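Trainee: Chains A and B, in that order, give the protein sequences.
Mapping of the first sequence onto the numbering used here: position 151 corresponds to residue 386, and the numbering continues sequentially without gaps.
Mapping of the second sequence onto the numbering used here: position 275 corresponds to residue 666, and the numbering continues sequentially without gaps.
To be clear, the hints were calculated from the coordinates, so they are not data collected in a lab.
Every value quoted in this text rests on a predicted model; they were computed, and no experiment measured them.
Note that the Cβ used here is the ideal one computed from N, Cα and C, for glycine as well.
Where hints are given, some of them may not hold.
Unchecked claim - Cβ-Cβ distance ranges computed for the label pairs, FRET-style: (1) Ala546(B) to His572(A): 45 to 51 Å; (2) Thr248(A) to Lys669(B): 29 to 35 Å; (3) Pro674(B) to Ala626(A): 53 to 59 Å.
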Amino acid sequence: MDAIITSFELLGTTLIIPMAVIGMTWGIFGGATPGLSPSITMALLLPFTYTMDPIPALVLLTSTYVGAEYGGSIPAILIRTPGTSASAATMIDGYEMRKQGRAGEALGISLQASSIGNFVGILCVILLTAPLSQLALAFKPSSYFALGILGLSVIVSVSEGMLFKGIIGALIGLMIATIGTDPVTGVGRFTYGNADLLTGVPIILVMVGLFAVGEVLEQVANRQPTAHISGGATKLKWPSWAVQLKTAKANLIGSVIGIFSGIMPGAGGTVASFMAYTEARRFSKTPEEFGKGSEEGVAAPECANNADAGVGLIPLLSFGIPASNSTAVLLGGFLIHGLIPGPVLFNRDPTILYGMFSGLLVASLALIPIAYMTLSASIWLVNRPKPYLFAFIAALVFSGAYSINNSPFDLGLVLASGILGYGMRYFGMPMLPTILGLVLGYMIESNYRRSLVISGGDYHIFIEDPVSVIFLSLAVLFLAGSLIREFRNRRLRPQDKEVSA
Amino acid sequence: MLVKHTNALARSLFAATLGLACAAALPALAQDKIAYPHKVVTLVTHSSPGGGSDVFLRDMTKYLKQVIDADFVVENVSGGSGAKAMAHMAKQKPDGSVFYATTPTYIYTSHMAELSANYTALEPLANFFYDPEVIYTRADAPFKTLKDVLDKAKAGRSAWGAANPGSLERITLEQMKKITGVNAAVVTSEGGGETMINVLNGTLDIAIGEVQELRSQLEGKQVRVLAVLSEAPLALLPGVPTAKDSGIDLAVRKFRGLAGPKGLPPEITKAWDQAIPKLLADPKYKADYEAANLVPAFIAHDDYVKFVDHFAMEQKTLLTEVGVVKKK
Numbered sequence: 236m237d238a239i240i241t242s243f244e245l246l247g248t249t250l251i252i253p254m255a256v257i258g259m260t261w262g263i264f265g266g267a268t269p270g271l272s273p274s275i276t277m278a279l280l281l282p283f284t285y286t287m288d289p290i291p292a293l294v295l296l297t298s299t300y301v302g303a304e305y306g307g308s309i310p311a312i313l314i315r316t317p318g319t320s321a322s323a324a325t326m327i328d329g330y331e332m333r334k335q336g337r338a339g340e341a342l343g344i345s346l347q348a349s350s351i352g353n354f355v356g357i358l359c360v361i362l363l364t365a366p367l368s369q370l371a372l373a374f375k376p377s378s379y380f381a382l383g384i385l386g387l388s389v390i391v392s393v394s395e396g397m398l399f400k401g402i403i404g405a406l407i408g409l410m411i412a413t414i415g416t417d418p419v420t421g422v423g424r425f426t427y428g429n430a431d432l433l434t435g436v437p438i439i440l441v442m443v444g445l446f447a448v449g450e451v452l453e454q455v456a457n458r459q460p461t462a463h464i465s466g467g468a469t470k471l472k473w474p475s476w477a478v479q480l481k482t483a484k485a486n487l488i489g490s491v492i493g494i495f496s497g498i499m500p501g502a503g504g505t506v507a508s509f510m511a512y513t514e515a516r517r518f519s520k521t522p523e524e525f526g527k528g529s530e531e532g533v534a535a536p537e538c539a540n541n542a543d544a545g546v547g548l549i550p551l552l553s554f555g556i557p558a559s560n561s562t563a564v565l566l567g568g569f570l571i572h573g574l575i576p577g578p579v580l581f582n583r584d585p586t587i588l589y590g591m592f593s594g595l596l597v598a599s600l601a602l603i604p605i606a607y608m609t610l611s612a613s614i615w616l617v618n619r620p621k622p623y624l625f626a627f628i629a630a631l632v633f634s635g636a637y638s639i640n641n642s643p644f645d646l647g648l649v650l651a652s653g654i655l656g657y658g659m660r661y662f663g664m665p666m667l668p669t670i671l672g673l674v675l676g677y678m679i680e681s682n683y684r685r686s687l688v689i690s691g692g693d694y695h696i697f698i699e700d701p702v703s704v705i706f707l708s709l710a711v712l713f714l715a716g717s718l719i720r721e722f723r724n725r726r727l728r729p730q731d732k733e734v735s736a
Numbered sequence: 392m393l394v395k396h397t398n399a400l401a402r403s404l405f406a407a408t409l410g411l412a413c414a415a416a417l418p419a420l421a422q423d424k425i426a427y428p429h430k431v432v433t434l435v436t437h438s439s440p441g442g443g444s445d446v447f448l449r450d451m452t453k454y455l456k457q458v459i460d461a462d463f464v465v466e467n468v469s470g471g472s473g474a475k476a477m478a479h480m481a482k483q484k485p486d487g488s489v490f491y492a493t494t495p496t497y498i499y500t501s502h503m504a505e506l507s508a509n510y511t512a513l514e515p516l517a518n519f520f521y522d523p524e525v526i527y528t529r530a531d532a533p534f535k536t537l538k539d540v541l542d543k544a545k546a547g548r549s550a551w552g553a554a555n556p557g558s559l560e561r562i563t564l565e566q567m568k569k570i571t572g573v574n575a576a577v578v579t580s581e582g583g584g585e586t587m588i589n590v591l592n593g594t595l596d597i598a599i600g601e602v603q604e605l606r607s608q609l610e611g612k613q614v615r616v617l618a619v620l621s622e623a624p625l626a627l628l629p630g631v632p633t634a635k636d637s638g639i640d641l642a643v644r645k646f647r648g649l650a651g652p653k654g655l656p657p658e659i660t661k662a663w664d665q666a667i668p669k670l671l672a673d674p675k676y677k678a679d680y681e682a683a684n685l686v687p688a689f690i691a692h693d694d695y696v697k698f699v700d701h702f703a704m705e706q707k708t709l710l711t712e713v714g715v716v717k718k719k
């Protein structure tokens with residue numbers, strides 16, 4: 236009870252509300268801008284928080300974090316370029332809906348799903364930070380390995396119809412993931428003595444290159460005026476009751492998956508949104524609509540990545556462990572003010588956490604009106620003549636990439652990934668398996684080898700850990716199930732539709 | 392945005408007034424400052440704003456400018472684990488107007504990558520601090536001393552954790568394994584977070600880490616420190632023996648010092664040799680750095696050059712032994 240009273244007092248006495256609104260607005264724009272990841276968007280604000288008090292500073296950063304997760308879906312739906320990596324799954328059906336002239340509806344579904352995900356995530360953080368922190372302890376290296384394998388088993392379904400190309404794409408991702416310092420021996424692999432490659436290829440740069448630069452290159456190369464869609468509603472349309480009912484199950488699935496992936500450091504919003512997408516399709520009454528503009532296909536991943544973002548605060552707050560780039564930036568925000576997130580923070584400075592929680596709730600409430608108000612600005616941005624848009628995206632992508640480390644080398648990486656992305660598009664290869672391979676490759680490899688170092692080369696370690704057994708069995712079931720479906724579908728319709736992602 | 396600006400403005404006004412008041416009240420202090428040929432001295436760090444060395448430098452410059460008659464600015468040249476900063480430093484004039492905040496990272500990066508400018512292009516100036524490293528275990532672990540862990544490892548197997556395979560911490564554990572001749576798996580992970588979880592859930596028997604990284608778990612009584620890897624016990628961890636007391640001849644010197652471009656003039660190095668003991672004795676700064684768990688360890692210029700050189704050669708041998716660096 237005290238907590239609630241304290242929170243209300245803080246609302247009146249500190250700058251929580253204005254900071255939540257500013258952070259939210261900035262977050263939506265940052266998330267909506269392809270090339271600016273939530274972490275970059277937050278990092279840009281970090282210098283401003285030096286002079287602020289801790290509570291407004293943390294509210295500003297966390298609201299930006301939440302806003303960026305929603306903002307990412309706007310360009311995913313409108314220009315088929317995910318603003319954040321986690322919104323890549325939203326893009327599949329969101330962009331299809333836009334092609335059918337239902338952009339406003341897709342944005343409305345995404346907004347509603349984001350809000351649901353936000354509230355679910357934040358409620359989890361508030362209620363469960365302390366008890367759930369126990370679950371993270373059950374995760375050993377063998378469990379992380381199994382979690383990664385489960386994530387990879389999704390590849391069959393995300394490369395629907397193009398299994399062979401999907402596997403090649405995943406291998407490209409896995410190969411990129413091996414660049415850098417060997418996770419066990421510390422030897423540089425494929426670094427060619429280059430100090431910039433010692434820490435590996437940053438995933439965010441490859442994603443930005445593959446998606447945004449690849450997209451720009453392809454569109455410039457194709458120069459098809461028909462690709463530009465002028466029709467469609469430009470007004471955000473709140474989903475009707477019928478649609479809300481239809482997407483309720485997808486939102487539920489998204490929330491549950493988002494919560495689970497958020498608790499586990501390392502899984503991340505991208506994995507969560509893809510898993511939510513595939514699970515929503517599996518339980519859908521109309522799975523055939525997926526990939527062709529399904530409302531559920533927009534709702535599930537968007538709800539999952541917002542829930543994941545919220546719940547992702549739990550490992551940070553309860554252990555001081557940042558599970559993602561964004562929470563790492565947030566950790567920086569804590570440290571600037573001499574606060575160390577962890578078990579002690581709850582006992583020593585609960586006011587700061589209550590302030591942050593009430594700020595998050597205010598931000599989630601503010602999301603809906605702010606989304607309405609800023610949408611026209613975002614759409615104006617997207618509806619500019621294509622050459623302007625390409626130049627704008629390219630400028631933002633490269634300045635954003637440069638701003639992380641002030642490194643020209645990073646610009647080269649983005650450009651190289653962009654060319655790779657263009658090549659993959661040219662050969663009709665899906666992007667998503669590559670990203671999954673890249674995201675999960677390091678996690679799988681390092682934890683596999685770490686487990687074997689611990690066990691002294693004994694493979695029993697993977698079946699002695701109950702968490703690992705559960706995940707590995709799920710992965711086998713999942714793989715078998717989707718392969719069976721894949722071959723059955725192939726026999727039913729020999730001429731496959733080519734859905735490039 | 393308006394709110395933030397007025398806030399910042401109010402603060403800077405306040406700071407300016409305070410500064411004026413201090414300047415007026417304490418004119419005598421200015422005369423005690425050590426004369427320095429440059430008005431502004433740039434301190435370069437490879438960590439990004441808010442990172443470890445950055446926070447350290449920004450904190451130190453507040454007190455440094457009361458000891459040396461100059462202003463200090465911090466410049467972040469991040470990227471390539473220090474490679475960028477070293478390349479940047481190699482191009483500067485060795486006139487004492489620019490220094491690089493060094494930690495063992497720059498030696499490690501020099502050994503692990505082929506760089507246009509590595510640590511040999513720089514001249515160590517002097518050392519300020521050590522970051523104390525400790526061996527810790529979970530609070531409810533059956534081990535009470537480092538010897539208990541070694542006994543377990545001798546009898547069967549033990550798993551020890553260190554962050555990052557190419558790090559001083561990992562090499563230290565490999566050294567400990569070699570000295571004691573026990574059967575232990577040295578398990579590395581990215582950053583300290585995963586290592587901490589694996590210590591807490593019992594996957595790892597012990598791990599090595601900086602006191603600063605363990606602060607919240609220590610306060611929460613989730614972990615117990617078994618041994619301190621420094622020459623003498625730490626005041627902030629009373630009753631915890633050093634590894635040497637436990638019979639293992641092992642100490643880590645995770646240094647924090649400055650380095651300049653090669654060829655620093657003697658009057659510059661003398662000024663710093665004079666300034667650092669004064670800086671470390673400042674009671675206000677002392678309270679600050681003790682809260683950040685730093686151990687003062689002044690090493691004057693002449694000795695520091697030898698110290699860093701010896702450290703670099705020693706680490707190169709160790710890195711080659713465990714296979715991180717290939718023999719050439």
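Trainee: Each hint needs a verdict: does it hold in this structure or not?
Mentor: Do the hints match the structure? See the list:
1. Ala546(B) to His572(A): 45 to 51 Å: 47 Å, holds
2. Thr248(A) to Lys669(B): 29 to 35 Å: 43 Å, violated
3. Pro674(B) to Ala626(A): 53 to 59 Å: Since the Cβ atoms of Pro674(B) and Ala626(A) sit about 58 Å apart, the hinted range of 53 to 59 Å holds.
Comparing the model with each earlier hint shows a violation of hint 2 alone; every other hint is respected.
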